[in-house]
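Enquirer: Here is how the chains run, residue by residue.
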Amino acid sequence: MSAHAVAASVLDPEVPVLTIEDLGILRSVDEGDDGITVTITPTYSGCPAMDSIRDDILAAFHRVGRDDVRVDFVLAPAWTTDWMSDAGKRKLLDYGIVPPAPRGGPVALALTLRCPQCCSPDTRELSRFGSTACKSLWVCQACREPFDHFKAI
Amino acid sequence: MSARQDYVLSLADDALVSAQRMGEWIATSPQIEEDVALGNIALDLLGQARSLLTYAGSLEDPPRSEDDLAYFRDAGDFRNVHLVERERGDFGVAMARLLILSTYLCELYEHLQDSTDETLAAVAAKAVKEVDYHRDHATMWVLRLGDGTDESHQRMQAGLDAEWPFVAELFDGAYVAPALVADGVAIDPAPLRDAFDQRIETVLHQATLTVPDVAPAAGGGRTGAHTDALAPLLAELQGLAREHPGATW
Chain A
6 MSAHAVAASV
16 LDPEVPVLTI
26 EDLGILRSVD
36 EGDDGITVTI
46 TPTYSGCPAM
56 DSIRDDILAA
66 FHRVGRDDVR
76 VDFVLAPAWT
86 TDWMSDAGKR
96 KLLDYGIVPP
106 APRGGPVALA
116 LTLRCPQCCS
126 PDTRELSRFG
136 STACKSLWVC
146 QACREPFDHF
156 KAI
Chain B
-15 MSARQDYVLS
-5 LADDALVSAQ
5 RMGEWIATSP
15 QIEEDVALGN
25 IALDLLGQAR
35 SLLTYAGSLE
45 DPPRSEDDLA
55 YFRDAGDFRN
65 VHLVERERGD
75 FGVAMARLLI
85 LSTYLCELYE
95 HLQDSTDETL
105 AAVAAKAVKE
115 VDYHRDHATM
125 WVLRLGDGTD
135 ESHQRMQAGL
145 DAEWPFVAEL
155 FDGAYVAPAL
165 VADGVAIDPA
175 PLRDAFDQRI
185 ETVLHQATLT
195 VPDVAPAAGG
205 GRTGAHTDAL
215 APLLAELQGL
225 AREHPGATW
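Line by line, the protein sequences give chains A and B.
The first sequence runs 6 to 158 under the working numbering.
The second sequence runs -15 to 233 under the working numbering.
Think of the hints as simulated: they come from the structure by calculation, not from any bench.
Be a bit skeptical, because a hint or two may be false.
Here are the simulated distance ranges between beta carbons [what the hints assert, rightly or not]:
no.	chain 1	residue 1	chain 2	residue 2	range
1	B	I16	A	R32	29 to 39 Å
2	A	R71	B	I10	39 to 49 Å
3	A	A13	B	A202	36 to 46 Å
4	A	D91	B	A179	37 to 47 Å
5	B	A199	A	D87	40 to 50 Å
6	B	T232	A	P21	40 to 50 Å
7	B	T207	A	E130	25 to 35 Å
All C-beta atoms, glycine included, are put in the ideal place defined by N, C-alpha and C.
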C-alpha cells in the first residue's frame, strides 16, 4: 500500500463517510530519506478536527508499521469546496448532507436545495450556521426532515 | 519586540479577545440557532487567532507558543482594540459590534491577502472568506432588527450608538510601523475607512437606522491601555491554564 493510499484512507471525524482525500484537505504525501511528510489544510481556520485528523493519520501509518511520519499543516492556498471530489459529493448526499455547489463560473446559482431524503425542492434554510463550521441547517417542508448543507466556500 | 511581531500580535489579539467575548453568547442567545451561529463565528475568530499567535510567537527568540501568548500575558501586554473587549451588552450591541468588526476585517483581510509576508497572506486569504460570512450574518440581523418593531429598532440603534465611538480606533494606523507598510507586509488601516463607511451606510440605510454622530473614544488598546472590561475577560480565559500549567485533556 503506497504512503499516499494510507493517508488517503483516513476518514474525516466529523463527516465519517468522507476520506480526507474526498474532502480535498489532503494536500500532499511525500516520502523522503527522513520519512514521510503528510501535508493537510484546514477547511476553516478554527476547524477543531485538525488535531484528531493528525492523530488518525499517524495511527493509520502505525498500523502498517511506519512511525517515521510527520504531519504538516498549511493554510495556503486556502481550501475551497471545489476541491471536494465527485465521489465525495455523492457519498455526502447518500449520508443525508447536501453537497456544495461549484463556486463561480457559468453555473447558475441554485435558489433552493433538494431535500436529500424525499428530493422535494420545497426546503428552506433554518440557520446559516449548522452543527459544524462547514455546514448550514435546512429543513424540508414536504417531509419535515431537517438536513445539513455543506456550504460552498 | 520587532515591529512585525507587534503588528501580528495586534491582529491576533483582536481575534482572540473578540472570540472569547462572543463565546459568552453560547447558551444565552435569543434563539438556539443563534447560539450555534455565534459559537461558530467565535470559532472562526479563534482559529484565526491561533494561526496569528503561533506566527507571532515564532518571531521571538527564543520562540513562544500560541498558549504562552494567549494564557501567560497580562492585560497590559495585549494589543487589541477596545471594541472587542467591551462588555457583552444586549443582542443589539452584539450585532452592532459584529457588523463593525466584520466589515472592518473584510476590508483588512482583502488587502492583507496580498501581503509580502507569506504567513500573513495565507492567514488573510483564509480568513477573508470567513469574515465575509460573518458580515452577512450581522447584516441580516441589523436589517431585521432595524426595520422591525419599534422596540427592536430602538435597541438596534442604541447598540450602534454605544459601539460607534470605538470605530475610530480600528482605523488609527499609528500602531503600524511605516516600514512594514512600505515593504508590503502590513496594511495601514486608515485608507480603508471610506470603503467601510460606504458599506455600513448602505446597510444602515436599508435598515432605517442612522449612522451615529458621536465623538470617538480615546482608544489606546494598541499600546496596552485597556478598559476595565479586559482584565475579567482574561481572568476567565487564562484561569485554568495558570492554575494548572501544562495541563492537557
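Enquirer: What are the numbers of the hints the structure violates, in ascending order?
Expert: 3, 6, 7
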